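Enquirer: The chain contents come next:
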Amino acid sequence: MTSHDVTIAGYLVVLAGIVLLQVLATRTRAPIPSLGDLLTRAMRSRTGRVGVLVAWAWIGLHFFAR
Amino acid sequence: MSRAGPGPEERHSHSPGTDGGAGAGCAEAVVDAARPAGRVLAALAGFREPVVWILLAIAFFTAISGKPVDGVLMLLVAVGLAWDAGRRALRHSDGADADDAAGSVAWPARLRSGRRRGILVGALLAGGAVYAGVVGSFSRYSWPVTGCVIGLGTVVVLIGWHGPVRARPPGGRLPVAGTLAWIAVLVAGCLWELGSLLQQPSLTTDSYSHPTISTLTDPVLATSPGRAVVLLAWLALGWYLVER
Numbered sequence: 020m021t022s023h024d025v026t027i028a029g030y031l032v033v034l035a036g037i038v039l040l041q042v043l044a045t046r047t048r049a050p051i052p053s054l055g056d057l058l059t060r061a062m063r064s065r066t067g068r069v070g071v072l073v074a075w076a077w078i079g080l081h082f083f084a085r
Numbered sequence: 109m110s111r112a113g114p115g116p117e118e119r120h121s122h123s124p125g126t127d128g129g130a131g132a133g134c135a136e137a138v139v140d141a142a143r144p145a146g147r148v149l150a151a152l153a154g155f156r157e158p159v160v161w162i163l164l165a166i167a168f169f170t171a172i173s174g175k176p177v178d179g180v181l182m183l184l185v186a187v188g189l190a191w192d193a194g195r196r197a198l199r200h201s202d203g204a205d206a207d208d209a210a211g212s213v214a215w216p217a218r219l220r221s222g223r224r225r226g227i228l229v230g231a232l233l234a235g236g237a238v239y240a241g242v243v244g245s246f247s248r249y250s251w252p253v254t255g256c257v258i259g260l261g262t263v264v265v266l267i268g269w270h271g272p273v274r275a276r277p278p279g280g281r282l283p284v285a286g287t288l289a290w291i292a293v294l295v296a297g298c299l300w301e302l303g304s305l306l307q308q309p310s311l312t313t314d315s316y317s318h319p320t321i322s323t324l325t326d327p328v329l330a331t332s333p334g335r336a337v338v339l340l341a342w343l344a345l346g347w348y349l350v351e352r
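Sequences listed follow chains A and B, in order.
First residue of the first sequence: 20, per our numbering; consecutive thereafter.
First residue of the second sequence: 109, per our numbering; consecutive thereafter.
Okay, chain A solo, but in the shape it has when bound:
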């Protein structure tokens, strides 16, 4: 297994973790909030709301802007 494969596998593990938690949150009665609940909670304060929206804007800047 090359370093490239290991790096990709790491991203896939993180992605699988996100999907697993979301499924557990929405399809079972496990005490896990959904990602939407988490974002809503984080965005309840002004700093949290601005922080999340800036993170969103940063994604656009990072992938497209100079």
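Be aware that one or more of the hints could be misleading.
[Stated by the list, open to error] Partial selection, computed: residues in chain B whose CB lies under 10 Å from chain A: (1) Ser245; (2) Ile258; (3) Pro283.
[Unchecked claim] According to the in silico footprint, chain A covers these stretches of chain B (three or more CB under 8 Å from chain A): (4) 152-160; (5) 249-255; (6) 269-276; (7) 339-346.
[To be verified] Ranges between beta-carbon positions, derived for each pair: (8) B:Gly255 to A:Thr45: 34 to 40 Å; (9) A:Val42 to B:Cys298: 17 to 23 Å; (10) A:Ser22 to B:Arg199: 52 to 58 Å.
No lab work stands behind these hints: they were computed from the structure.
Treat the numbers as computed from the prediction; the structure is a model and nothing was measured.
Backbone N, C-alpha and C fix where the C-beta goes; we use that ideal spot for every residue, glycine too.
Start from chain A and add chain B according to the hints.
Expert: Quick look at chain B alone, frame taken from chain A:
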């Protein structure tokens, strides 16, 4: 858009929570703004917000990765947020979230329901499609695409700064263990990305052995249709977040 009347957020705003807003509230509680030293401390209270430090870290890493424009913008927002929290501390308000409620920009009732809502949604969808098509046709990292992304990002962040666009139910506390599980996974993802970035030959040179997410998405973003699709997804995510 109009100011919202008292809603669930105000009711919630007076209950201390565990987020940054509550943190600012704590900062305000210990600062006596009547004294000069207290005013200085109050002005610095904004730097107690974890979000401010996260944005400063993003600004630093973005700037040294060869994206100075991103870095400067992140720095401006971080300083603006800190200043805003400090200003609220000086005013000795009830708490950071109280300002949120006062600044709420919930959509007027006539826009929230019925036909007008449908027209608004249709216009936003059409505008989003046009935006994605036009901006996606520009070359990556060109000034036109930079201007379009900065412009939209600024509008969305300013909307969020003024308050939520709709009243939301107060909601209860999130389960601690489940929340920690989310934090662990998301932090792990960030650290994995950071590890790949630091193992590149340099911060501005891609590595096949240790690709970052940016490197992995390069093939998709190399084509105009690919950029348009990714921009649509980015717009949809932004809309979802604005509605939170």
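Enquirer: Are there hints from earlier that the structure breaks, and if so, what are their numbers?
Expert: Per hint list: single violation, 1.
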